[in-house]
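The task is simple: from the sequences and hints, build the whole structure.
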Amino acid sequence: MKKKFIIIDFFLKHISMFFAYFTLLVIAGLFLVLYINSKDAISHFGFFSFITSNVWSPAFDKFGGLIALVGTFLTTVISAIIAIPIALGIAIFLVEICPNFLKTPIGIAIELLAAIPSVIYGFWGLFYLGPLIEKYVQPLFNSTLAKLPVIGQYFYGYSSSVSLFTASVVLAIMIIPFTAALARDALKITPDLLKESAYALGATKWETISKVMFRYSKSAIIGAVLISLGRAIGETMAVTFVIGNQDSLPTSLMSATTTVTATIANEFTEASSHLYLSSMYLLALILFLLSFLLIIGSKMFFLRKTGN
Amino acid sequence: MRKRKIKNYIGLSISTISAFIGLFFLFWIIVSLIEKGFHYINWSVFTQNAVSPGDEGGGLKFAIFGQLEVVGLASLLGIPTGILGGIYLSEYGKDSFLSNIIRNVSDAMTSIPSIIIGIFVYALVVVPMGGFSVIAGSIALALLMIPIVISSIDNILKLVPNELREAAYALGAPKYIVIFKVVAKEAIVGIVSVILLAISRILGETAPLLFTSFNSNFESYKLNKPIATLTVTMYDYAMGPYDSWHHLAWAAAIILTFSVLLFNIASRLFSYWRFSR
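As given, the protein sequences belong to chains A and B, one line each in that order.
Quick note: the first sequence uses this note's numbering, first residue 1, plus one each step.
Quick note: the second sequence uses this note's numbering, first residue 1001, plus one each step.
Simulated from the structure, these hints should not be mistaken for laboratory data.
Here the structure is a predicted model, which means the values were calculated and not measured.
For glycine and all other residues, C-beta sits at the position ideal for the given N, C-alpha and C.
It is possible that some hints are incorrect.
[Unchecked claim] Residues from chain A shown here face chain B by an in silico Cβ test under 7 Å; the list is partial: (1) A20; (2) F31; (3) Y35; (4) N37; (5) I90; (6) I120; (7) A284; (8) I286; (9) L293.
[Unchecked claim] Derived lysine to aspartate or glutamate pairs resembling EDC-like cross-links, with alpha carbons at most 16 Å apart: (10) K1007(B) / E207(A); (11) K188(A) / E96(A); (12) K299(A) / D1107(B); (13) K211(A) / E196(A); (14) K1003(B) / E96(A).
Pasting the structure below:
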C-alpha cells in the first residue's frame, strides 16, 4: 500500500514538473525555431541591411524589413497616443469619480470589451469605421490640417478607407479596454490613508489624483502602458483588415502601408521562394524579441514595487 | 485657491469626458455589430455549407463545426497540461527560484503575439507533416492556452488555506490524495472558471490558425486535413469580393462575439460564486 502511494506521488510530481518546465521549453524553442529558419535571410541580406532596406520584392527575391517595421512602429505609437489618455481617463473615472453603484457594471463592461476577439475589431474597422473615416475624417483633414505648412502633407490623402490612420484608430479602440482595466487596478492600490492625508491637507480631488495616486502607482501604470504597447505591437487581425497591405512606406497618415504582422498574415502561406519565407521568419524573430523584451521589461519594472 | 479649484474641475472634467469617449466607442462597436449583422443570422447559416463563390445563400455549418473541433481538441491538449503545470508551481515548486522564473515566463508568454505561435507550429508540425491540419491548429491554440491556465491555476490553488493540507497530511494522506481530494476539491469552482476563461480566450483567435489549420472548402473533420474555422472563414470572406460572402462574415462575427462573451460571462459567474460561498 505504502509503495503504491510513493510511486503515484513520484509520477505526479515529475509529470506536473515536466508541464511546468514545458513553458520554458516553448520559449526557448520559439527563439531557436525562428532563429534557425531566418538564418538564410540574415546571411544573405545581413541583419542591419535587412532592417534598413525598403525593398520588399518577391519578383526579384530581394527583401528588406524597413517598411513593415516602420508600419508596426507607427501604428503602435499612434494608437498609444490615442489610447493611453482615454484609458487613463477611464481608470481615473472608475476609481475616483464614478458613483459607487456604477463602478462594478462599468468595470465589468470594460473587461468584457477587452475579451472581444481582435478579428472582430478588424472586421468592424473594415466595414464600419473605415468607410466613415473616408467619408468624414479625411475631408476634414484635407480642409484643415493638410493646409498647414510643412506637416500638412502628412495629413493629406484620398480614398483612405484602409490606411495607417484607420489601422491605428482600430488598434487604439482595441487596446483601450485592456489598458484601462490594468491602469484601474494600478490606481486602486493607493492606500486610503494616503488619499485621506492629502484631503486633510486641503488638497483638491485632482491634486490627490495627480500628485498622490499617480505618484504612488507610477511604476505600475508605466508597466500597464508597456504591456499594452506589447499587445499593440504584435496585434495581427485588428491591423491586417485595415492597413491596406501595400509594400510601400507611408507618405501620410492616410496612406496604405503594411506592418510586420500584416505582412506575415498575408504572405506567409504564399511565399514562393526559400529566401522569401526566411525573410518572414526574420520579421517574426524581430517581432518576438521586441515584444518579449517589452513584456519582460515591464514585468521587472512592475514587479519591483508591487512585489514587496 | 480659485486657480486650484479651476484646475480641479478641468482635470476631473477631462478624465470624465475621455472616459465617456472611450465607453462610447466601445458600445458603438457592439451596437453597430448587432445593428448591421443581426439580420444575416438565420437557420441556413447553421445548417448549410458554402455555395459557389458569388451565389447568394449558403452557410457556415462546416466552419462552425470546424471551430468546435479545433477548439475542443486544443482544450483537451491544453487544459490538463496547464492544470498539471499549475499544480506543480503551487504544490511542489512553491517559492523556489526556478518556479518564480516559470511564473514570470508563462506570464510573459500570455502576451506573446499569437501569430508567432502560429509560425512556430507551422515550422514544427505543418512542415514535417507535409500539410495544414486540424491537429496543427489545435496545438497552436493549446500553446496559447497553457500559460493562461498555468498562472491562473497557480493563483487559485494558492488561495486554498494551508490548514486543510496539514489536516489531510495529519490523517496520513499521501500528497497526491491531498492535491486531488482536498486542494482541488476546495478550488473546483475556481478551476472551472479558469477553464471557461481559457476557452473564451482562444475561441476568437485567428492569427495562429492562418498557417496551421488553414481553411478548406471540403467538409472533412479528419485530424490530418486542413479545416474551415469561423475565424479564418470570416477573415477570408470579409477580404473577398462578393456581397454574399460579406453577409456570411457579418453572421460569423455575431456568432463569434456572442460565444466569446458567453464563455467569459460564465467564467465570471463561477468566479463570483467562488467568492460568495
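Results for each hint:
Residue-level restraint check for A20(A) holds (minimum Cβ-Cβ distance to chain B is 4 Å; threshold 7 Å). A hinted interface residue such as F31(A) counts as satisfied when its beta carbon comes closer than 7 Å to some beta carbon of chain B; here the least separation is about 10 Å, so the hint is violated. Interface hint status for Y35(A): violated, as the beta-carbon distance to the closest one in chain B is roughly 11 Å, over 7 Å. For N37(A), the suggested interface contact is upheld, since its CB lies about 6 Å from the closest CB of chain B, less than 7 Å.
The beta carbon of I90(A) is positioned within 7 Å of a beta carbon in chain B (closest approach about 4 Å), and the interface hint is therefore held. Residue-level restraint check for I120(A) holds (minimum Cβ-Cβ distance to chain B is 5 Å; threshold 7 Å). A least Cβ separation of about 5 Å between A284(A) and chain B falls short of the 7 Å threshold, and the interface hint therefore holds. With a cut of 7 Å, the hint placing I286(A) at the interface with chain B is violated, because the nearest CB-to-CB distance is about 11 Å.
The beta carbon of L293(A) comes no nearer than 10 Å to any beta carbon in chain B, farther than 7 Å, and the hint placing it at the interface is violated. For the given pair, K1007(B) sits about 9 Å from E207(A) by alpha-carbon distance, which is consistent with the 16 Å threshold. Under the criterion of a C-alpha separation no larger than 16 Å, the hint pairing K188(A) with E96(A) is consistent with the structure, at around 9 Å. Distance restraint check for K299(A) and D1107(B): the Cα-Cα separation of roughly 9 Å lies within the 16 Å cut-off, and the hinted pair is therefore satisfied.
Proposed proximity of K211(A) and E196(A) is supported: the alpha carbons are some 13 Å apart, at most 16 Å. For the hint pairing K1003(B) with E96(A), the CA-to-CA distance comes to about 21 Å; that exceeds 16 Å, so the pair is violated.
Hint compliance for this structure: hints 2, 3, 8, 9 and 14 are not met, and every other hint is.
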